[in-house]
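*Asks:* Use the sequences and the hints to build the structure in full.
The sequence shown begins at 1 in full-length UniProt numbering and counts up by one.
Note that these hints are calculated values from the structure, not bench results.
A portion of the hints provided could be inaccurate.
What the hints assert, rightly or not - Restricting the straight-line Cα-Cα distance to at most 20 Å, the calculated cross-link-like pairs of lysine to any residue (SDA-like) are:
#1 K13 to H64
#2 K120 to I98
#3 K12 to T33
#4 K101 to P65
#5 K115 to P68
#6 K59 to V105
#7 K101 to D112
#8 K120 to Y87
#9 K13 to E53
#10 K13 to R45
#11 K102 to N67
#12 K37 to L58
#13 K37 to M27
#14 K59 to T33
#15 K102 to P65
#16 K13 to E77
#17 K102 to T123
#18 K59 to R42
#19 K12 to L43
#20 K120 to E77
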Amino acid sequence: MSFLDLFDSGFKKRNADHFAAIVRVAMDDGIITDDEKAFLDRLARNLDISEDEYKTILKDYQSHPINPPTSYERRLERLYDLARMVYVDHIKGDSEEIVLKKIAVGLGFSPDNVKYVVDKALTLVSNGVDLDTFSEEIRNMNR
Numbered sequence: 001m002s003f004l005d006l007f008d009s010g011f012k013k014r015n016a017d018h019f020a021a022i023v024r025v026a027m028d029d030g031i032i033t034d035d036e037k038a039f040l041d042r043l044a045r046n047l048d049i050s051e052d053e054y055k056t057i058l059k060d061y062q063s064h065p066i067n068p069p070t071s072y073e074r075r076l077e078r079l080y081d082l083a084r085m086v087y088v089d090h091i092k093g094d095s096e097e098i099v100l101k102k103i104a105v106g107l108g109f110s111p112d113n114v115k116y117v118v119d120k121a122l123t124l125v126s127n128g129v130d131l132d133t134f135s136e137e138i139r140n141m142n143r
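*Replies:* See below:
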């Protein structure tokens with residue numbers, strides 16, 4: 001096995017774990033809606049999740065750990081993806097927000113301000129901001 005193979009396998013594992021975290025949010029209410037399915041399909045393609053991996057993750061999404069990214073920028077990207085998933089489900093004040101807060105803590109956001117970060121994230125996503133604006137706004141609120 002080459003060094004490149006090790007890197008690729010670790011990268012793919014992180015993507016699969018990230019995808020599983022988003023599936024966990026989608027499955028919190030026990031079903032995946034058509035909008036959620038479309039989002040998951042797009043995200044799977046973007047994260048290079050194969051069809052077999054996709055099916056396996058859907059069956060056993062809770063077995064994947066939430067691996068916090070080491071960079072703050074990656075945490076923001078993952079939070080953006082997760083907030084978009086909750087927004088697609090049209091959830092406000094529901095149990096999916098609780099799951100999102102738990103996942104956000106798992107991603108490395110402080111438990112002390114996770115409520116504010118998640119609320120801001122959901123507001124930004126509902127306003128249709130792009131990832132760059134989202135990241136900038138979240139960074140600014142933590143200063």
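*Asks:* Against which earlier hints does the structure fall short, listed by number upward?
*Replies:* 3, 6
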